[in-house]
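> Residue numbers (full-length UniProt numbering): 1 to 537.
Derived from the structure by calculation, the hints contain no laboratory data. Take the hints with a grain of salt, since some may be wrong.
Straight-line Cα separation of at most 30 Å, DSS-like style, residue types lysine-lysine; simulated pairs [to be verified]:
(1) Lys205 <-> Lys425
(2) Lys381 <-> Lys192
(3) Lys355 <-> Lys249
(4) Lys381 <-> Lys355
(5) Lys425 <-> Lys381
(6) Lys192 <-> Lys205
(7) Lys205 <-> Lys355
(8) Lys381 <-> Lys205
(9) Lys254 <-> Lys355
(10) Lys381 <-> Lys426
(11) Lys355 <-> Lys192
(12) Lys205 <-> Lys426
The following label-pair restraints were derived from C-beta to C-beta distances [stated by the list, open to error]:
(13) Ser476 <-> Ala162: 36 to 46 Å
(14) Gly365 <-> Ile163: 13 to 23 Å
(15) Ala422 <-> Ala170: 54 to 64 Å
(16) Val174 <-> Phe371: 27 to 37 Å
(17) Lys426 <-> Gln515: 31 to 41 Å
(18) Ala154 <-> Ser463: 29 to 39 Å
(19) His147 <-> Glu260: 35 to 45 Å
The structure presented is a predicted model; accordingly, all values stated were derived computationally and were not measured. Where is the CB? At the ideal position from N, CA and C, for every residue including glycine.
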Amino acid sequence: MARFHVGNPLFSLSLRLLDYFFQGSSKERVLRDLPRSPPLRLGNRRGTSFLLISKPAIQQAPAGRARCARSAQFRDPTLFFILSPQGRCRDFHKNHPTPLLLNVPPRSALTSNRGSHSPTNKTYRMTITTPPRASSPSSGFGTRAVHAGSAHDASTGAVIPAISLSTTFAQTAVGQPVGEYEYSRSSNPNRKNFEDMVAALENAKHALAFSSGSATTAVILQSLAAGSHVISVSDVYGGTHRYFTQVAKAHGVKVTFTPEIEVDIREHITPATKLVWIETPSNPTLRLVDIRAVATAAHEHGIMVVVDNTFLSPYIQNPLDHGADIVVHSVTKYINGHSDVVMGVAAFNSDDLFKRLSFLQNAIGAIPSAFDSWLAHRGAKTLHLRAREATTNATAVGHALEASPHVIAVNYPGLDSHPHRAIAKKQHRNGMGGGMLSFRIRGGHAAAERFCQLTRIFTLAESLGGVESLCEVPSSMTHAGIPREQREAVGVFDDLVRLSCGVEDAEDLENDVLQALERAVAETANGVNGSNGINGH
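Based on the sequences and whatever the hints tell you, model everything.
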């Protein structure tokens, strides 16, 4: 049994119980009296969270919310009651074993800041209202990228924030730090600056930075209780698939994968479903998902929607504007953009989510260094310029590949031939396709591998989103951990090549792809292995 305090992970749940139970009228008095006589305790039994509330506190509740307070015969001044998500308030004392009804909404409604309930019904259905597209910010994207989180130093006048490497911060008295920082795991000036900037770019109220994109995924999944269910698109990043199938499964979270989430999401929803996970575009097949359609279906059942926006960056797509609850990024990719930082970030609008995820951010400690935060903040200042150039280059390369007889198929949402082009026009800035594309090469896996060896400008390497162009074979690299039949079911064949277009000259990239394509297919057909390309890969 845990005492009621801010650090407790059920803190936000208890506040919502108080809001409901006391209708706000007595909550402040109850909270004020906590240090002297705590009337609340939190607990968890068989996966169900509950709140114990004492007789004196429950007697303060308004009529209609504390039926058990008036119908029970109180004989013990220390009596506690259980407020559980099942809508029952029962005596927590052996002398009063009879359950007593209390009209309390289910936990899902209590944990959502957009939940709805009726105090007169015994059965509750929680819905989340899909928010309309946010109004345009007062400043343009480029202005926000340059200035958000970059206030001038008040003491020196420095226009770029200094790197704050200190792990701890002085206090004027016990428990009274000089400023807002106490210890760098909990918060750091550079990390805070970066988080403020990402929030501004994603049109979000909050952002939290983590030590990697995978750490971001882990913390969000860790926030779910054992027994929770997640619905995910099938063609996700290999690291996300690995976490879902091997790590989340180990702590009791089940994940269902579906290739057509807009079509069959309702078929997969169960009472235990808490989260829907989307990548759009997906990695590496560049399939798009209509975020608004999925969010609307999920919110009807009180389910949160997470969108991995790594492949596009905040410049091209803002998932929160289309109804998502959380947007995540591997900052390593486009946001930093220089292949010299490993980081992740999540952005959202909910205050409850901020309390829950920031608690886990601090408790788990998967945080980025001050220096990495500073580098990522600096890199993001040119995000809009890099994203535009990468899109221009990927579009040129996509058209060249589409016209080549050596290519089976091209996956690029910037092409009119893409099956989800209409979604790109609706969700992406100016219908942009981004800097990522993939294609299937004639000649099978051998040709795909040879292509990546023969490029002169594209570097054979994992990762993406940097200023330099990269190429890789997903079936043997980023997605090698996914069983072949599962990979091929979503289009990740052995002959698939993934390209990340950087900011070099478009003509040079186009020529590089075409020469490598010509040679790779010819050499494979002739059974020639050849030597490595100029880059020595």
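> Taking the hints in turn, state whether each one holds.
A quick look at each hint next to the structure:
1. About 26 Å separates the Cα atoms of Lys205 and Lys425, which keeps this hinted pair within 30 Å; it holds.
2. Of the supplied pair hints, the one linking Lys381 and Lys192 holds, its CA atoms being roughly 16 Å apart against a limit of 30 Å.
3. About 25 Å separates the Cα atoms of Lys355 and Lys249, which keeps this hinted pair within 30 Å; it holds.
4. Between Lys381 and Lys355, the direct Cα distance comes to roughly 28 Å. Compliance with the 30 Å bound is thereby established for this hinted pair.
5. Of the pairs offered as hints, the one joining Lys425 and Lys381 holds, with about 25 Å between alpha carbons and a cut-off of 30 Å not exceeded.
6. This hinted pair checks out: Lys192 and Lys205 have alpha carbons roughly 13 Å apart, not beyond 30 Å.
7. For the suggested pair Lys205 and Lys355, the alpha carbons sit about 13 Å apart, so the restraint of at most 30 Å is met.
8. Distance hint between Lys381 and Lys205 is fulfilled; the C-alpha atoms sit about 19 Å from each other, no more than 30 Å.
9. The straight-line distance between the Cα atoms of Lys254 and Lys355 is roughly 24 Å, inside the 30 Å bound, and the hint therefore holds.
10. Of the supplied pair hints, the one linking Lys381 and Lys426 holds, its CA atoms being roughly 26 Å apart against a limit of 30 Å.
11. Restraint check: the Cα-Cα separation between Lys355 and Lys192 comes to about 15 Å, which is no more than 30 Å; the hinted pair holds.
12. Between Lys205 and Lys426, the direct Cα distance comes to roughly 23 Å. Compliance with the 30 Å bound is thereby established for this hinted pair.
13. Range check, Ser476 to Ala162: Cβ separation about 43 Å, and the 36 to 46 Å hint holds.
14. Checked against the hint of 13 to 23 Å, the pair Gly365 and Ile163 passes, with Cβ atoms roughly 20 Å apart.
15. Between Ala422 and Ala170, the C-beta spacing of about 57 Å keeps the proposed range 54 to 64 Å intact.
16. Against the hinted window of 27 to 37 Å, the Cβ-Cβ separation of Val174 and Phe371 comes to about 30 Å, which satisfies the hint.
17. Separated by about 36 Å at the C-beta atoms, Lys426 and Gln515 satisfy the suggested range of 31 to 41 Å.
18. Here the CB-CB span from Ala154 to Ser463 is close to 38 Å, well matched to the stated 29 to 39 Å.
19. At about 42 Å, the beta-carbon gap between His147 and Glu260 stays in the expected band of 35 to 45 Å.
Going down the numbered hints, you'll see the structure goes against none, and every one checks out.
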